[in-house]
Every structure is written in C-alpha cells, then in structure tokens.
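A.B. asks: So the chains spell out like this:
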Amino acid sequence: MSTNASKVCLLGDFGVGKTSLVARYVRNTFSDSYLTTVGVKVDSKEVPLADGAVRKLVIWDIAGKSGLDALNMSYLRGASGLLLVADGTREATLRSAVDLLLQSRSLLPDAHAILLINKLDLVDRWEVAPATLVELRKSMTVIETSARQGDGVEQAFREMATRLHA
Amino acid sequence: MNGPSVNDRISPELERQIGRLLFEKMQPLLLEFDRDWHLVNLHGDAALFGFAPDDAATSVQQLQDLFLGMPMEAAIDLAFVQMPNGRNAHVHLMLVDGGHQVLLIDAQGEHDRQQAQQQVGNESFLIAQQKDKAVRQLRQIRSELESQRNRLQEANALKNALIATLSHDFRTPLASIFGYLHLLEEEPDAPLETRNSLRALRRNANYLFALAENLLEYARSETRSSLLAPVVTDLQMMVEDLDQMFRVQAEDVGLGFSITLDQEPGEPPILDELRLRQILVNLIANAIRYTQSGSVRASLAWRGGSLVLSVRDTGVGIAQEASEAVFVPFNRAGNAGNGGAGLGLSIVKRLVQQMLGTLEFESKLGKGTCFRIELPDLTHLVQKVDARAESEAGQMLAERASSVLIVDDDPDMSHLLGEIMAGVGFRVRVVADATRAVEQALADPPDILLVDVELPGLSGNTAVFRLRAKGYRGHVVTISATPTEEARKVALNAGANQFMTKPINIEQFTRAMLRVRRLD
Ligand SMILES: Nc1nc2c(ncn2[C@@H]2O[C@H](COP(=O)(O)OP(=O)(O)OP(=O)(O)O)[C@@H](O)[C@H]2O)c(=O)[nH]1
Ligand SMILES: [Mg+2]
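Chains A and B are the protein sequences, given in the same order.
Just so we're aligned: 148 in the numbering used here is position 147 of the first sequence, and the numbers increase by one with no gaps anywhere.
Just so we're aligned: 1313 in the numbering used here is position 435 of the second sequence, and the numbers increase by one with no gaps anywhere.
Hints are supplied without guarantee of correctness; some may be wrong.
What the hints assert, rightly or not - In silico DSSO-like cross-links for lysine-lysine, where the CA-CA straight-line distance does not exceed 30 Å:
#, chain 1, residue 1, chain 2, residue 2
1, B, Lys1380, B, Lys1367
2, A, Lys57, A, Lys46
3, A, Lys66, B, Lys1011
4, A, Lys139, A, Lys57
5, B, Lys1227, B, Lys1242
6, B, Lys1242, A, Lys66
7, B, Lys1367, B, Lys1009
8, A, Lys66, B, Lys1009
9, B, Lys1242, B, Lys1011
Claimed, not checked - Some chain A residues near chain B, calculated using beta-carbon distances under 10 Å:
#, residue
10, Val41
11, Asp62
12, Gly65
13, Leu72
14, Tyr76
15, Arg78
16, Gly79
17, Arg91
18, Arg164
19, His166
Claimed, not checked - Computed Cβ-Cβ distance ranges for the label pairs, DEER-style:
#, chain 1, residue 1, chain 2, residue 2, range
20, A, Arg126, B, Asp1287, 52 to 60 Å
21, A, Arg126, B, Met904, 43 to 51 Å
22, B, Leu920, A, Val124, 49 to 57 Å
23, A, Arg106, B, Asn1028, 19 to 27 Å
24, B, Leu1023, A, Arg138, 34 to 42 Å
25, B, Glu1001, A, Val124, 34 to 42 Å
Please keep in mind that the hints were generated in silico from the structure rather than gathered at the bench.
Since we're looking at a predicted model, the values are computed, not measured.
Where a beta carbon is used, it is the ideal one built from N, C-alpha and C, also for glycine.
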C-alpha cells in the first residue's frame, strides 16, 4: 500500500454539502439538487505539495447524521484526517459537527480535524455568528467554504494534505 | 417426541447447499488477492460492479484504497459502499492463508429503498425548518413595520395638527388686521406717508394670509379630508377681488398688473370657488415675487364648460431641470431668499388635480413664465362625488363583513395564513380538525373556507363534502401538500372552488383571496 496516501472522512449533519464539497474538489462540478447519501462514496485525488511531494487523499463522503452510529463508526476506521462540515445557514449543524468530532475522538484520537462552514455564498442568510467562529478558531482550524462557488474548497483539502504530510 | 427438533448445528452438507443457493441468488463478486494485492482469481459478475477484467489495475487500486489505514488482521465489513461505476455494494474483506479475499454483494435495491426514505425524511425536516424560520421572520417584519407605521402616523398627525392649529390661529388676528386696514384706508385726508405705510401693511398682511391658507390646505390634504365643494361661482367678483388684492402690491414694486375675464353669457360655472381662488392667489403672488421688472398678467376665460386661466410674468423664469422640483413642497428650486414657504406651486398642482383639471407651463430663464390651467365645470360631478363616497363606504362594509375560517392542524401554518388574511382585512377564525370545521362553518358560515387536506382524523376533503352536502355556499380553498392532478380532482369533486398546493406563494395567495372578495 502506498505510504503517502491518507484516508480523510467528511462528517457532518445531512444536507450540509459534504457530497457537494467532494464533487467540487474532485470533479469541479456542482448541482443544486439534493440527493442524500446512503452509506459511503470513496473518491481519491493526488495533491501536489509545496516541497514537491505528492500526497494522495482517499476521501470518504459519509451519509450525514447528527451523531455517530455503529455504521458510520465502521467507516471511520483507519482515517487520519477528519473534515467536519456544517452549514452556515443552519446553526444546529454546527453543534452536530462539534458533537461528531467529540464522538469520533474515542476511535481516532490522533486524526487531524478541520471544521468547514459551508454555503458561504448564502452568507446573508447565515445563522452562525461571526463571534462563534472567532471562539471556535481558538481551538481548531475553521474554513468557510462554498461548494457552489468554490471558495475555500481547494484550500481546505490542501490544508489537510499539508498537515497529513508533516 | 413431537414437534421439530432444535439443533444448533447444521450438517456441513446442508451448509454447502445453502451457501450455493445464496451464492446463486445474491450474485456476489469474489476477488482473490495474494499478500501484495495482486488479483489472482475472480468469480462472479465483474461487470456489475464496474470491474473490467482486462484493466483490473485501476479497479483493484480503488478497492484497495477502501482498506487504507485499517489493520489487516481481522475480517472487515463495509456496508453500502458506492463502487466507482455508481453501483452500491456491501464489501467484506476476508483473510485467508497467504492473501485475502474481497466479497462484493449487490446492495443497490436496498440502497435505493433506504435512500428514498432518507430523502423524504431529510427534505421534510429541512422544509419544516425553513417554514419555521419564514414564519418567525414574517412576524418580526410585521411587528417592525407596525411600530414604524405607528411612529410615522403619530409624527405625521402631530405635524398636521400643529400646522392646522397655527394657520387657524392666524386667521383671527388677520381678520381684525384687514378690518382696521379697511377703516384706515377709507380715511380721506390721510397724508401720503400714511397711505404708503398702509399699502405696505396691506401687502404684508395679504402675504401672511396667503401663507396661512396654504399651510392649512397642505395639512388638510394630508389628512385627506378635502372633498370637492362645487358651488355656483361668480367669476366677475373674484376677478375684482384679486385685482384689488394684487394691483397695489404689483405697482408698489413697479410692475404692470392686469387681470381680465372673458365670460360667455349663459349658465354661470359650477366650480370649487375656494380652491379656484387659492390657485389664483398662489400663481399671482408667485409671479409678483419672482418678477423684478415688467408685468404680471392674469386672464380667465369661461367657455364651453371649462375655465381656462393663465398667469404670465416677465420674471426670472424656471430652469428646465427645475421644472419638476418646483412642484415639490418646501422646495423653492434655487430661488431661496425670495421668501415664501415653498408650498405655493405644490398646492396649486394638487388643487388642479383635485378639481380634475390640467396644468402646464412654459418658461424661459430670464424672460418669464406662463402658467396655463384648464378646469372643467363640476356640475356633472355633484352627484358623482356623492356616489363615489357611497361606493367607498359600501366597499368598506363589504370588507368588514369578509370572514375566513382556517382549518389546519399545523399551528404555524394556520398562524401564517391567519396573519395574511387578517393583513388584508379578513375576520379570521382557526380550527385544527375537520369535525370542528364542519360545526363552526355551519354555525357561522364564513365567506371563505381555507382547508388543509391532510388533517388528523377526518380529511379536509371529507369536511368540504359534508359542508356542501349541508348547504354551505361560501368559497372553499383546499390546500394540500400533494401537487398532483389526482389530488386536485378529488378536492374539486368534494366541492372546493380552488385547489392550492404547498408551499404557498404568499403574493399569489393574497391576490387570489382579494379576488374572491371582489367577486362577492
Ligand atoms: N448555496 C449553496 N448550496 C449548497 C452548497 N453546498 C451544497 N449545497 C446544496 O445543499 C444541498 C445538500 O448538499 P449535499 O452535498 O447533498 O449535502 P450532504 O452533506 O452530502 O447531505 P447528505 O448526503 O444527506 O448527508 C444540495 O441541494 C446542494 O446543492 C453551497 O456551498 N452553497
Ligand atoms: Mg451526501
């Protein structure tokens, strides 16, 4: 098995845009219609890094839930990175993302975690307050993204790849 | 021994048989790898899962990626994995001597069923959340608007009351000033100096008077209490009056002044005399104010059922770009410093409109301005004014009488509908189930019945059917979450007049409801 490949899982409440983020990153596409994910879809992409190395990300797009059940736990095994995704227009999904991170810690104590707040293009409808993000940033990396317009998407995956490489 | 025997082990032969059966039924794909993930064997329908046997490398790599980071010392089960070709499978990794086997079992059907269920669940959750949010926002906006409107109304009422009081209060002292002026002017032997002083007094009193009248008119029009008052109008007397009022004033500043009347014999005109007078006072006063030299000439012509009046001056003129602004209250279009409250022309324009007339003007900067106004005779309007007031009252009565009964078990929805209907003037009642709806609608029949189809217990359609069967004749609008032709037919057959589907477009809905009321 190639040593510079890493498994990264997307976790978050349903409808927050996990599938859309992967579609934007891997295939540079976006669709407005919502088709919920059942189980898991695995994609991969090679990320060239600053020092000339290449890291392959094996990206797991997991069905959205507000908490971790046994099925989702089984998908997490072996992951070294977690992208927690929340939807800025639904404050409750941010709480889910934080809960999911805490629950996954027992299984993956050392995984790198980055929090993505998605749907940046709808920022005028965001329920998540800027002050909340300021607080969260004190304890983890937070990146605002838009799968629709692409903002922050490349940056988020690259950041993850860089950390996994270090 | 009766009954079946319970055995915790089945015979190896039976187990093999069952295994074969399941294998045939479930069409699995079994891939055998050596320790280094080289594919050594493959059983089953490889194409189903997108495995091209001749280009196995890519597919194998993808399969291998699934186990990245996992300890390869025990069997691994991964349910519902989407294969690169889009097919869903359950994936099982089994360890065998010298390598491992991967078993793929088709899970597409199971996946699709679960997805359909999950889709409905997720979407309805999201919609409910959005609806909550919309209702909250609507309430917020409403209450903000309400308090804003209250503040504005208060401020406006205060302003109008103040203006009206002030201008009223001006009238009494002005009346006495004019009285004494008259007495003093009658004095035959007054010295020239005194007479000049009296002229100055009259000039200023005139001005003050016009100002007060304008303010009063302004306040009145704001409170919309200005109905036309058509009366038989003596134009000759009005012309004489105005001549007396303005001749002195014009001559004092060295201007020529004339006011003429051209009236064909016959029926005297019926006009709103006070308003007409106010128009002329404003136009002439304005003309004198903005003319340094030359003349101000006013003319009135009564012919063929309409009055044409014009006021022409040789004054400063109005710039092209200011031709709209001169009609805006308190805007003096760059002529600041010439006195006046800037109400004159705005009031003239409004008065002309009220009298159903037309106004136009021509002007050249530095050369002068000519206003031309045409006012129709108001005879035919005497009845119409009354008729209009009556029909307005009738409409208000109808509006007050409009009532609606909302039947919905979702309190947010019924609240929203209630707000909308109340917002456009309906009397609103709400019930949450069909049985109560039937009772209420029979006890006190509403003009409109808004009924949700999906109710607990008796359906909305049943309620409508029962009501129609008992003779209820109001307008029935059925609202349903099912946007199908079938649902529509059922609702209309049950006796609804209109069928609407959720989510409701508030604007369309409101318009439809207002239309119903108008049809009544
Ligand atoms: N405006 C906007 N819409 C987005 C964005 N990302 C996703 N969406 C929309 O949000 C909906 C849900 O997106 P998905 O990517 O399917 O969400 P998910 O997290 O994969 O959902 P589950 O699979 O059910 O867990 C879709 O209608 C997307 O079009 C975004 O950045 N902006
Ligand atoms: Mg998804």
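A.B. asks: Confirm or reject each hint.
C.D. replies: Taking the hints in turn, this is what the structure says about them:
Taking the CA atoms of B/Lys1380 and B/Lys1367, the gap is about 16 Å. The hint holds against a cut of 30 Å. Our distance criterion of 30 Å between C-alpha atoms is met by A/Lys57 and A/Lys46, whose separation comes to about 6 Å. Of the supplied pair hints, the one linking A/Lys66 and B/Lys1011 holds, its CA atoms being roughly 22 Å apart against a limit of 30 Å. Between the alpha carbons of A/Lys139 and A/Lys57 the distance comes to roughly 29 Å, so the proposed pair stays at or under 30 Å and holds.
As the CA atoms of B/Lys1227 and B/Lys1242 are separated by approximately 20 Å, the hinted pair is consistent with the 30 Å bound. As the CA atoms of B/Lys1242 and A/Lys66 are separated by approximately 76 Å, the hinted pair breaks the 30 Å bound. Between B/Lys1367 and B/Lys1009 the alpha-carbon distance is near 27 Å, which keeps this suggested pair within the 30 Å criterion. Only pairs whose Cα atoms come within 30 Å are accepted, and A/Lys66 paired with B/Lys1009 is accepted, the gap being roughly 22 Å.
Simply put, B/Lys1242 and B/Lys1011 have alpha-carbon atoms about 59 Å apart, too far for the 30 Å limit, and the pair is violated. Interface restraint check: A/Val41 against chain B, minimum CB-CB distance 6 Å, threshold 10 Å, status holds. The beta carbon of A/Asp62 is positioned within 10 Å of a beta carbon in chain B (closest approach about 9 Å), and the interface hint is therefore held. For A/Gly65, the suggested interface contact is upheld, since its CB lies about 8 Å from the closest CB of chain B, less than 10 Å.
A cut of 10 Å between beta carbons decides the hint on A/Leu72: the least distance to chain B is about 6 Å, and the hint holds. Hint status for A/Tyr76: holds, given a least beta-carbon distance of 7 Å to chain B, under 10 Å. The beta carbon of A/Arg78 is positioned within 10 Å of a beta carbon in chain B (closest approach about 5 Å), and the interface hint is therefore held. For A/Gly79, the interface hint holds, since its Cβ comes within 10 Å of a Cβ in chain B; the closest pair sits about 3 Å apart.
With a least beta-carbon distance of about 7 Å to chain B, the hint placing A/Arg91 at the interface is held under the 10 Å criterion. Given the 10 Å rule on beta carbons, the hint for A/Arg164 is violated: about 15 Å separates it from the nearest Cβ of chain B. Checking A/His166 against chain B by beta carbon gives a least distance of about 15 Å; that is not within 10 Å, so the hint is violated. Against the hinted window of 52 to 60 Å, the Cβ-Cβ separation of A/Arg126 and B/Asp1287 comes to about 29 Å, which falls outside the hint.
In this structure, A/Arg126 and B/Met904 meet the distance hint of 43 to 51 Å, their C-beta atoms being roughly 47 Å apart. For the pair B/Leu920 and A/Val124, the supplied restraint of 49 to 57 Å holds, since their beta-carbon distance comes to about 51 Å. The hinted window of 19 to 27 Å between A/Arg106 and B/Asn1028 is violated, with their beta carbons roughly 54 Å apart. For B/Leu1023 and A/Arg138, the hinted distance range of 34 to 42 Å is satisfied, since their beta carbons lie about 38 Å from each other.
For B/Glu1001 and A/Val124, the Cβ-Cβ distance of about 23 Å falls outside the hinted range of 34 to 42 Å, so the restraint is violated.
Checked against the numbered hints listed earlier, the structure breaks hints 6, 9, 18, 19, 20, 23 and 25; every other hint is satisfied.
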